[in-house]
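Visitor: Starting from two chains that each stand alone, build the complex the way the hints lay out.
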Amino acid sequence: MTNVSKGTIILLATLLLSACSGSYVGLPRAEMLGYQTYGTYGSLYSLACAQAESLNAAVKADTLHPGMYAEYGVALALMGHKSAACRMLNAEAKAFPEGRSMVYRIKQRLMPDMLLDEAATARDTANLSQLAGWAYDSLTALRPLPFVAPVIDSTDTTWLQMQTPVDSVETPIRLTATQKRQLLEEEQARQIMLQQARLDSIAAARQAKVDARKQAKADREKDRKEKDKARKQAKKEKDRQRKEKQKKK
Amino acid sequence: MKSRHLIYAFLLAFVLPSCKGEKKLAQYSEIYRECPATIYVAPLSDMSFRRAVRLTEDSVYNLSLNIAANQLYLTASDPLVNNGYYVPGPLASAQIAATESRSDKQLRNESINDYHTDLGIDAVLFITLHSWRNTTNSWSVEVEYVLRSTHSNSELMHVLVNATKTLPTDFKGNPIPLVEDKAFSDRYGCDLETAQRCRLVETVNKYVLKDLPSGSRTRQQRTERHIKAHPEYFTLKIHPDGSVELAKSEMQQ
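Sequence lines, in order, name chains A and B.
Here the first sequence stands for residues 1 to 249, numbered as in the working numbering.
Here the second sequence stands for residues 1 to 253, numbered as in the working numbering.
Next up, chain B with everything else stripped away, as it sits in the complex (with noise of 0.2 Å):
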């Protein structure tokens, strides 16, 4: 029973979270190469459709998809904080852009090297959002993230996610909103079809970002860490009976 339990814990602490290595590997070895670590995430190009303002539905409409797209341009940066990277905020980010006379196309197909040199900006992140669709309980979304080096000018990473959120309906068919998109809603101050778009696209946000590699900030940390970390460095040993041995040892030069 007692092994039984460490072979599980071993293997759900060790094993697994090793499985992805090589394809990471291969799926971001540009990423690998140019080992960015400053992530400028670009003002969102939103070609989503907006309904012609006739009635205050449309309005509403409209108002629901603005802060839907707010909520994925300002969500992006935070798997990407959380890799290590160092992301420039909201704010900082719209002061950066109203310097730039460049179109959003121009800035996506033509050389971006003064953001290196100007900035210290390693990687721009381009977020376009193509459309959304919506039936009574699903909700759509289609987004492109481009990043693209502003060394190289190549892309680093380019993914087109078609994500799709249903819930389940009552027996009038209207649809049962989760417990975490009501407090959303509650803590965003929004109504919950707001909370469901937005809950939607910081999944997409969430799910497509958090497996970048992580940040060359974070690697020399990692790196380092045995070093800044001597004094307390210690080894801890689990012996089969479940008692734990602690044993400070010094770091080998």
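Extracted from the complex, chain A is given alone in its bound form (with noise of 0.2 Å):
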């Protein structure tokens, strides 16, 4: 029996061994797929959390997905915090030396002032997994008050960059389920909504248009029947006053 349990310990132990191929910590794709579909800012924002959640986690793990730094970088920059999105897109070029070139295309088309601060690229790759762990925090942060971020170095003013307050946070970060399914059927409901609005105004928009033809198709006739009118009384006038000149005669 010992001999047995042994076997299958061994056996599962292979399997489980030959099992661990090691797949990467993943990107929030829930969060991407809203991003994707409605392209909101509450959805970048929650994207944006998600990623630094994904990120902190993947840097504790050493599990690092490439990309994932640009992903949040790009998120940053499009939500306005072109520092930090610096910072990270830095990061993955220091993390990722492959995707160098794509980084420097990506700052030159999204921060195009920051674009030549080597000396904040130098600073800002010197610690990857502490500038993970200050992006978490800052997000963190974030989401209750006023944006406030711990600050580094205190003689470098370039950090308190970050620290503008931002007024525009909408959405809440930590949904459950059916708060999750609440928003999208919302977010669903608005999207057919405006659909329908769209729809209305264009019919309206062609109904103006056909009303319009109509009233001047109808002016027309009228400037046209006036036109006749006078024309005839022009023409009667004429005869008259010929026939009083012939009668002079």
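None of these hints come from the bench; they were simulated from the model.
Per label pair, the in silico range of CB-to-CB distance:
#1 B:ILE176 / A:GLU53: 29 to 37 Å
#2 B:ARG50 / A:ALA212: 30 to 38 Å
#3 B:ASP186 / A:GLN195: 24 to 32 Å
#4 A:ASP211 / B:ASN134: 39 to 47 Å
#5 B:SER138 / A:GLN108: 46 to 54 Å
In silico lysine to any residue, SDA-like type, Cα no more than 25 Å apart, as pairs:
#6 B:LYS182 / A:ALA189
#7 A:LYS60 / B:ASN83
#8 B:LYS210 / B:GLY84
#9 B:LYS182 / A:ARG181
#10 B:LYS182 / B:PRO79
#11 B:LYS206 / A:THR63
#12 B:LYS165 / B:THR135
#13 B:LYS206 / A:ALA30
#14 A:LYS94 / B:THR117
#15 B:LYS182 / A:GLN191
Cβ atoms here follow ideal geometry from the backbone N, Cα and C, with glycine treated the same way.
Guide: Here is the structure:
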């Protein structure tokens, strides 16, 4: 019995070891799908928060996914936090040298003014794990209150750029499945309403165009009748004058 | 009994995974030749039919297809990343795509060397969603994958898949959703029909792209791992009586 159980343990252990091919910590798919489909600020914000969390987990577990820093950086840049975004993109270039040219192009597009900041690049990429932790903390701080980022180097004023308050934080971050479903249903209903409103406005515009055309036709008809009437009157007047002249003669 | 277990273990762990080697080598010979390290997933080309919006159901149907198309695009990078390729994420890819002025057709047929020179990308994956078909309990999708090299402009891979997912039905003829579909629906906050489509495209992506050869980054890591693991390099011996012997040994130079 003991031997059988040992054999089974070996079998299971071997199978488990062979199955451990090491998958990476994934990107936040649900939030990404939400942003990709609806593209609202709220969905972008919740995507950025989820990315910060997964980035932090990946850094802690040493399972960095290629493009994680870049994704988070682009999300931050789209939200307007360009300084932090620049730091994240520099971190991506440092962690994955294959993506350096791509990161350069993205920076060129999103933040051309921060492209040639070599000193900041060197400083940002000095300690990647600290950077990710800082990003996570900063976004955690962003949730309930206006944005307050921890100052890492007090002599460096560029870090203070992140301390500008953010007023437009809309959605809660930790959502239950029911809340998510509710939000999505609301979003779907909103989309449908918007679509309906768009259709209504198109129909109204079409109707207005038809009405205007009818009105223009009626006006033209009226003008033509008035002109005909005036022409007839003028003709009558001329005839009358001609007859009077003939009588005089 | 003991030896039989050991034989099973060795068979399952070593022999079966190595069975696909030669076939894979022939199928992906172009990829083995070019050794791409960075793959960029181009924006999805969605050719599937959308309903003209007259009723609310039409909007819901179109939204469902949009969500599934987005899911197809988003999950395409997962198998590639797990195979060791560097794949920029969807937000970064959107920024790259925004700078592109050529049409999708031009990108597929003309030279894309500039992707290598400007962005350092080795291959571009074009995905085309051709059509959707569904009955009460089955969903079908037709997807085309083209992987083009930015060095030689040649096609490294070209696959056209027609995948169908069929669910069992109850006595009324309504489909019985799987537990995984329900979980997906809860997690993503979408209806069950959208969940069916999303899970179908996810499976298609996994099936088509999981078997690609490992990226050159992984290959390089595999060749270097003995050097990296030098201090912890050890040998494991499993004896016929089930005991395990662990022996540390030095790296041979």
